[in-house]
Every structure is written in C-alpha cells, then in structure tokens.
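Q: Listed below, chain by chain, are the residues.
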Amino acid sequence: MKNPLAGHESGRILRSIALFALLGAALSTPADAGFTAKDAQILGRVLGFLDPAPPSSVTLALVYDSAASKAEADALAGQIAGKSGNFTLVPKVVKASDLGGSGANAILLMDGVSAGAATDAVKSKKIPCFTSDSALVKSGTCLISIKTDGKVEILVSGSLQKASGVGFGAAFRMMITEV
Amino acid sequence: MTISMKSLLIGGTSALCFSLVAQAQSVDYGAAEQVFGEPVTTSATGSPQRASEAPADMQIISATEIRQSGETSIPGILQRAAGIDVLNESAGQSDVNVRGYDQTGSPRLLVLINGRQVYLDHYGETVWQTLPVQLSEIRQIEVVKGPGSALFGFNAVSGVINIITYNPKFDKTNVITAQVGNNGQQSGSVATTFKLGDTFSARISAGAQKQHEWATTGALPLASSVADPMSFNFAADTVTQLASKTELRVEGSLANSRQDAMSGSSYSVGRLIVTSGLAALTSDTDYGMIEAKAYRNQLSSKYIFGSPINWVNTTTVASLQDLFKIGADHTIRIGGEFRHNSLNTAPVTGGKVGYDVFSASGMWNWAVTDQVTTTAALRIDSLNLSRTGTFPARVPLGSNSYWNRTITEPSANVTVAWRPTAEDTVRASFARGVQAPSLIELGGFQLAQTPFPGFTIDLIGNPNLSPSIVTNYELSYDHGFSWAKVGVRFFLQDWTDLKSGFLTKTINIPATSTTNNGMMVIKNVLDSEMKGVEVNITGKLTDSLSWRGDYTYTDVKDSPYAGVNTTTALAAFQSTTPKYRGNVGLTWATGAWEADINVHYVGDYKFYNMVDASLQNVKAYASLSSRVAYRLEESGVTLALSGQNLTSDRQVQTTGLQAERRVQFTLSKDW
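In order, the protein sequences belong to chains A and R. Terminal number for the first sequence in the numbering used here: 179, no gaps in between. Terminal number for the second sequence in the numbering used here: 1671, no gaps in between.
In short, the hints are calculated from the structure, not lab data. Careful: at least some of the hints might be erroneous.
Unchecked claim - EDC-like, lysine to aspartate or glutamate: derived pairs with alpha carbons at most 16 Å apart:
1. LYS151(A) with GLU1038(R)
2. LYS125(A) with GLU153(A)
3. LYS162(A) with ASP98(A)
4. LYS1245(R) with ASP51(A)
5. LYS151(A) with GLU1633(R)
6. LYS38(A) with GLU1033(R)
7. LYS151(A) with GLU1423(R)
8. LYS151(A) with GLU1660(R)
9. LYS138(A) with ASP1478(R)
10. LYS151(A) with ASP1370(R)
11. LYS1325(R) with ASP98(A)
12. LYS151(A) with ASP1286(R)
13. LYS138(A) with ASP149(A)
14. LYS162(A) with ASP1286(R)
15. LYS138(A) with GLU1038(R)
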C-alpha cells in the first residue's frame, strides 16, 4: 500500500496546496465595520438557540457611551426593528450608565462602548450581550460576537456563560466557537 | 459541567455504552442554516457541524437544488453530485456508488433517512423506490464520500447518503404534487406537517408512482424478465416534547414496490414490501445530548429469477449515545449499538441465517487552534454469525456448525483540517472502513440447479467469507473566490478481500463422492487499488444565474487472487469502473421563473453482457436533463416541465435496457 502523502509527486502537490492556501491568506482582508443590520438578522436567529429562551418580543438595548456611538445606535435602531427569526426585535437606545433600569431582554454594544455595565447586566439579569468586537468576548466581558462580513463567525464567551447561566443548548454549542 | 464530572461520565458510560448512528433531528437545521449562511450536518462525525467545517469530504444537495433539478428519483439527483457513479439499468432502479466499484445490487453505499438505515440489509443494496420519502419533504441530501464506518458501522465503505427531511418540530411544509409524462408516467404525492398543542408535531407523507419500463430492444433481457415499475410509500414522523429539553421521536413507514433490475448479467423482477418503526428519545442534559434509539426494518421480498425467491429480512437496532463538549475545544461522542439481523434461506427453504453485532464507538473533535482542527473516530464491531435449520441433500458445507463464527473489526476515521483563512480549507484524512458480508452471501441464497436429470450444481452462501476492508487516504483543498468556490480532492483507496457477485458463474468447490456435482460459492476473490482526483466548481454569473461543474477521474487496478477470473466472478472492477464522469450545469431563477439544465457525462467502461456475462464495451455518453417552472406566488401553485435523457429517444448507458427520454409535466401546490 503506497502512502499518498509520501514521494516526490505527492510532496509537490502538498507544496502547491500550501502555497495556494497561504496566497489566499495573504489576499484576505479582515474587516470590522461595527454591527450591521445583517448582523442583527443573525442576532434574531441566534436568540432562538439561547437557553433560557427569551420572550418572543425582545427589547434590545442598543448601548452607547459617546456621541459617535449614540449616532450609530440611532441609525441601527431604525433598521432592525421588527421580525427577526421567531422574535420581534424592539430596539431601545440606552446610555451605558442607564442599562440597569432599561428593562432590556438583550444587549447590543455599539462600537467602542465600554462593556462593564453590560457584563454586570449579563450576570445579574441573565440576559445576553451581543457585540461585533470579538475581543470583548475573548476577554469575557460580552457574551456573543457576531460577524457576517464573509463567512459568518459567532464567538461565545465560555467564562461568561458559566458566570451568568445564560448559554446555549448542546447542539448549537457544537457549531460555534467558544473562547 | 466540570471536566471531572465529564471524565466520570466517560468512564461510567463507556462501560455500558451501546450505540451510534448519527441522529440529528433535535437539531433545527433551518434555523442553524439561517444563522451560519450554509447548511449544517451531522453526517461527518455525529455532531452538528457547519458544512464548511465538517471533517469529511461532503457535498450537500439542498431542497432548492432538488426542486430545480426536475429529477424524479434520488439516483437522478445523486448523479449530479461530483464523483457519484450511477448504473441506470431500468426506469425504476439504478445502482449508485461513490467513486467507482459500482455493481448491480451496489452493496457498499450506506443510505439513511434521518440517520435510520433504509438500504436493504439482506444484501446491503438500496432499492430506491422503497425509500419512504417524497422529494418535496427532503430538506437536504448529504453525500459523504469515502468510508464512514467508524461512525455508521458496516456498509458505509464507499460513502454515505443521509437524506434529511423537514422536521415537524421546527419546519412547516405542506406540498401536494401531481405529475404525468410520456411512457405512462403517473405519480402523485402529498407531504404535510402539523402541530397539536405546544408539545406534539407530526409529518405525514404518501406517494405513488408508475411508468412503463424501458423497451426491450435485443434478445435479452426477455420481456418476461422486466415489468413496469410502480411503488407506493407512506411515512409518519412525530415529535413529542416530553420536557423542555427532552423529546420523543416516533416514526413509521411502509413501502410497496415493484421494479426490475440487473442482477449480475441478467434481469429479475422484485416485489418488495418494506416496513419500519423507530422510537428515539433525545435529551439535552448537563451531561451532554443523550440519545436512546431503537428501530426495526422488515423486508418481505419476492424476486423472480426464473422461479420465485421469497426472502424475509428483519433488522433490529438499539443504540445509546452521548455527545458532549469538554471545555471550549473538545467535542466527544461515545456510544454503543446492538444489531440483530436475520434472513431465511431461499429458494431452497428450511434454513435461517442471522447475526448479532455488538458495537462500541467514540469520536473526538479537537479545535487545536482557531485554524486547525483534528477529528478522530474509532469503532469496534463484533459480529456473531449463526445458522439454524436444514440443508439441501448432498450439499457441501451441510452443517450449521460452519456458521458459528465471530468477525471483529475496527473502523477508523482521522482528519486534520487547516483553515488559514475563512476562504481556504485544507484537509488530510485517513479512513479504514469495513464491509461485512451480507446475509445473502453468508447463506441466505441457497439454490440447487438441475440442468438435466441426475446432474445438480449447488449455489449456497459462504460462512467463511471475510469482510472487505477499505483504506482511504485523501487530501483536499477548497477555496472561495469572489466569483466561485473551487474544490480539489486527491484520493487513494486500497481494498482487500472484495467478493464475487452473488450470482457468480464460477464452480469453485468440485464434486466429491458425498456431494452433488459441484458448487458455486461466493468468495473473496481480489484486492484492488483506486487512485483519483476530483475537481468541483460552483459560481454565479449574476444574482439570478448560477453555474456548476465537476469532473472526477479514477484509475482502478484489480489484483485477483490465484485462479480467479474476475469476469466470471462478476467482480471485474478495473473494467467496470469508468475512468471519467462529470457534470456541467446552469440554473436560472428570477421572480416566478426557474430553469435548469444539466449535462452528465460518463466515460467509456465495460459491463457484463446479457448473453454470456462477458465484458462488453459501453461507449461514453452524455445525458441531458432540464426543467423550467413558473410559480404563481399568490396561490402557491407551481407548473413545471422537466425531462431526462433528452438528447435521444433511447441511449445506451449500461449493457442492459437502454435509457429512454422521459418528459414530465408537474403541478404542485404548497401552503
């Protein structure tokens, strides 16, 4: 039985594949353009996999802490209200310092917003926090990041799941990346 | 759940584990596909995964592609997938295999509906008309290329076809279809889902079809060896939510089918009644997704090989599995399975052959880094063979004690995947697959031929058959351009102990003073090696116009055992496997209109002559299929005109009946 991965010809094939893959890596351009309306559609679908499940009408706090992030929240609120998956999204623009009393069922952090208040809300109110910034998930300060530019990427904070009790069913956990 | 608790679970459960067939109906395929923008599957590892991340060479055919194809049968749909060989031998039956080694009664392909086997276990073949599923209720067809027996067990040696239906718990689908066409084509089907309260949901489907058989054009097959194909199928699928995270799934099905098919180098008519029942309990617990499942398939068959052969084959399977994560990076599946399979002897009755199989299996998926994933699966099957009852007079091997035998074999799948970017995937994989001998080969077929008085040749199964083993190496690369997705696969398969066809023409046990005049026995007759390459590409010219193409080259080299004539043994795979096959297609969809055209190409190959079973050339051919449809959005009514083999009245695709042009008009309504 010949080993297909050995020998001169196979080695050339391997090198060719690696070269193409590296070329693809070099040409790819990562993009992080904040949360988009398309991301929000995915957010609505992701809500359906949450455990515990949120109510069918979800008040989504669009959290800002600066003029720029408020402008972003205002613009997004106008785009995402309505049906998303099995849920109706009710966007509510909320200042970060007011998050505790917002009555939100879910949190969406605008670009550059400090996640401290959101982290507290996730833990105390057991509601999910969404962001487009995967670094906030990796640091355990926001629960879920969504990126739909190119291949859809969903990152979930394992530590915040444990700390908050907000998480996903076993099947969905196997299709996402937990960090 | 803590790691220590899971470790305890692994230890505890492995001691009593029983299971493993991938069952995924607690996965909401539709919602997950909408989240990830691509299909999800469980057919690669038993764990739900995004199609682009599955550690297997897999192609998923979507419901939209099935509808747009206009194909009227599952083999017709499958031959549009890259690397799939289809022997179109009659209007109602085709034999399908992955990457060569196709043969009549193709026994190396595992076919499942929602994870339950629907191939016929007496020979391991699939009679497609008996599948209790309507095309309109299929969410996707998952085609896994290469061995998968570490996940699915015996028979998953060339590949796996897992047909995933809509799930009444998550999906709402109601479709009624009526179809008429030339050559007596008439068919109708209905598939509907409904809910009772918040906890019970069901899917019911039924369909019937008939058409004229392709015309007999030569001396053989005789008109008496063929029959117009017809079938009726019914399926019921229910999901009951017992608790917030626990569901019970109960399924039942019935198929009543008549079709003719090539058997070796001749035709026979088969009348098959297949029933099945399944119950599966799935619970999402702190210890993972636990599933206990049991099902029974029963086949009552009557084949006309000159005289009738009546077989009753009962397969009972019980399984238990647990699927869980350890930390963020490790997904584990452990399980076990028990299988009982039995078959009466025929046409000489009086005996019963059966076996019990105990299996234990495990899978470990490790996300080593963001870019590198490894997957390893291992399964051990232990088959305990037995036989009871009587034998024909003066037959060799005339003692049940020859059947007291155990076959124990491991299966394995190992894959390393590297994704340097979101658009690039490189996979290297190794697999060892095991094809157990079928019950027909092990003695279910028992025949005493007396061509003239006083001279009798026996043909019975062989209890000493070894399983066929396939070792598969594969290297693949996929890249997504802005304008197209391209995939390249290099593969090499090494087969040992391939068997002769069950209608072998070789007398390989000579007469003795205590036996009749010799015996033809099914034997392990050759090793074989196949190497090949597959290229597939899909793209879009505009938002409404997409295109696709695939090409697969295979080169098979047989190594027959001493004294074996692979032609008379009906195992001449080097000659009967085409070197080339491929597809080119275009799909246009805009507003209410849909149109699709596909050309399927098969290179030169040889197959068994109807007269003397010698090898006969089959010239390369290209078959054209197409569909155009218009949908009345407000009423949910779709009108479609479709056809297959459109380039000529009849086309030589095998050494048997010639494939005829078929055209259909279809009226369907969904609500």
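Q: Does each hint fit the structure? Answer for all of them.
A: Status of each hint after checking the structure:
| no. | hint | result |
| --- | --- | --- |
| 1 | LYS151(A) with GLU1038(R) | holds (9 Å) |
| 2 | LYS125(A) with GLU153(A) | violated (26 Å) |
| 3 | LYS162(A) with ASP98(A) | violated (25 Å) |
| 4 | LYS1245(R) with ASP51(A) | holds (10 Å) |
| 5 | LYS151(A) with GLU1633(R) | violated (31 Å) |
| 6 | LYS38(A) with GLU1033(R) | holds (15 Å) |
| 7 | LYS151(A) with GLU1423(R) | holds (8 Å) |
| 8 | LYS151(A) with GLU1660(R) | violated (44 Å) |
| 9 | LYS138(A) with ASP1478(R) | violated (28 Å) |
| 10 | LYS151(A) with ASP1370(R) | holds (14 Å) |
| 11 | LYS1325(R) with ASP98(A) | violated (37 Å) |
| 12 | LYS151(A) with ASP1286(R) | violated (31 Å) |
| 13 | LYS138(A) with ASP149(A) | violated (19 Å) |
| 14 | LYS162(A) with ASP1286(R) | holds (13 Å) |
| 15 | LYS138(A) with GLU1038(R) | violated (25 Å) |
This entry does not satisfy hints 2, 3, 5, 8, 9, 11, 12, 13 and 15, going by the numbered hints stated previously.
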